[in-house]
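Model the placement of chain B on the given structure of chain U, informed by the hints.
There are 2 protein chains.
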Amino acid sequence: MLYVVGFGSGSRENMTLEAEKIILKSDIIVGYTAYTDILKKYFPDKEYYSTGMRQERERVIYALENSKKKTVSLVCSGDSSVYGMAGLAIELSINYPDVDIEIISGVTSALSGGAVLGSPLGHDFTVISLSDLLTPWDKIIRRIEYASISDCVIVIYNPSSKKRADYLSRACDMIMMYRNPDTVCGTVRNIGREGQESRILTLSELKNTAVDMFTTVFIGNSETKVINGRMVTPRGYKINE
Amino acid sequence: MLYVVGFGSGSRENMTLEAEKIILKSDIIVGYTAYTDILKKYFPDKEYYSTGMRQERERVIYALENSKKKTVSLVCSGDSSVYGMAGLAIELSINYPDVDIEIISGVTSALSGGAVLGSPLGHDFTVISLSDLLTPWDKIIRRIEYASISDCVIVIYNPSSKKRADYLSRACDMIMMYRNPDTVCGTVRNIGREGQESRILTLSELKNTAVDMFTTVFIGNSETKVINGRMVTPRGYKINE
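Which chain is which? The protein sequence lines are U and B, in order. For the first sequence, the working numbering assigns the number 1 to the initial residue and increments by one for each residue that follows. For the second sequence, the working numbering assigns the number 242 to the initial residue and increments by one for each residue that follows.
Only chain U is shown next, with the shape it has when bound in the complex (with noise of 0.2 Å):
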């Protein structure tokens, strides 16, 4: 049996009780190695196989094969299929038909991380990746572009690394051509672990600013404000009566 687990921002607290009655109950955990060494400090008796990045592959058909006689969890940040491993998990399942797979849902670090800064995500809102590995960057600016046009707020996940050092400034131009460089903004690292740290400012900050991959970022619509320190776009209840 193969359970695809996504166990939340990293925080034991963010995990959902069913990720964590599942990791119990599984002779393997399977993940990147940087989430197993997560998991390895709230569960230090479990069975671990871990793989570096870019090995995913491998890793997914090491916790199939292995799921024929156990029970395996394949372990995400966040959410399962959010830039997970659920979704290739059930692409290569078709090798194993014996295989049971199981999803299981878990706390996106859009969530997690809009939790910190107040409460960003209370519209309408597009989730897009920066990252440009599977991705062509044409349909990601493209994304950013459509986003931007229809005054949804904005999460972006992989906002930078070695190789794409400007990528989120020029989601922050694109951005611009259509929203006000005031527009409130905010950033969360290294969410729900050791060492967070958020941000709010302005779109024309944010376009300045480095970021490195631990952080998640959020752009907020046309009438997302700072009340008391807090990023809070609001879903338009009079407040006034």
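Just so you know, the hints here were simulated from the structure itself, not pulled from any lab data. Glycine included, C-beta positions come from ideal geometry on N, C-alpha and C. Take these hints with a grain of salt, some might be off.
What the hints assert, rightly or not - Which residues of chain B face chain U? A partial, calculated answer using Cβ under 10 Å: (1) S334; (2) S353; (3) I390.
Chain B only, in chain U's frame:
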């Protein structure tokens, strides 16, 4: 102290460890009647205060008033920000300078419903509510249009109500201007609750399907497919190597 708590889909297991802990330590649980009814099953010994729909402002003020001297959980299904009460609580808290507020994230139905269907959110996605109580329809349909052009997966919340029975059908018409009628779609009703049901269907079938307000709707992107009865949006990993 006021906590605004997202408790996930409604199954106890979809709750985070943190949400459970905070509800257990709260003196009063405040929420929409349908939500407190769910929590009463899991936490029968707590004190509850509930009000009906469209009484959000009054409910939040009750929670803030009581937070001066007590520990209060203002509860929302799913996440506490995504069409939830977190934003309104922060907005109204300017009149309660002595009340501390903490926002507790949860698994929103895009994620919990996605896990039921398979892995529809394997790539960039947009969450849009079709409720026009607080947002003009023109703005909603424009967001649907831009999400369609940019080939994002679209998750639709509040797809229907008595007064707007044809909104989902009109949204499908708009999407079909840019996306194939055979696009893979999914619906999940009563996620994590009694009577949970899900269906995978094409966009043209979805257009002619009646759904209710307890349903979350998923519209795939151009690469979304059905694998072993599951809806999967690939991230783009090479499967055959």
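Hints, verified against the model:
1. A distance limit of 10 Å between C-beta atoms decides the matter here; for B/S334 the minimum to chain U is near 7 Å, and the interface restraint holds.
2. At about 5 Å, the closest approach between the beta carbon of B/S353 and any beta carbon in chain U falls short of 10 Å, and the interface hint on this residue holds.
3. Given the 10 Å rule on beta carbons, the hint for B/I390 holds: about 6 Å separates it from the nearest Cβ of chain U.
Hint compliance for this structure: every hint is met.
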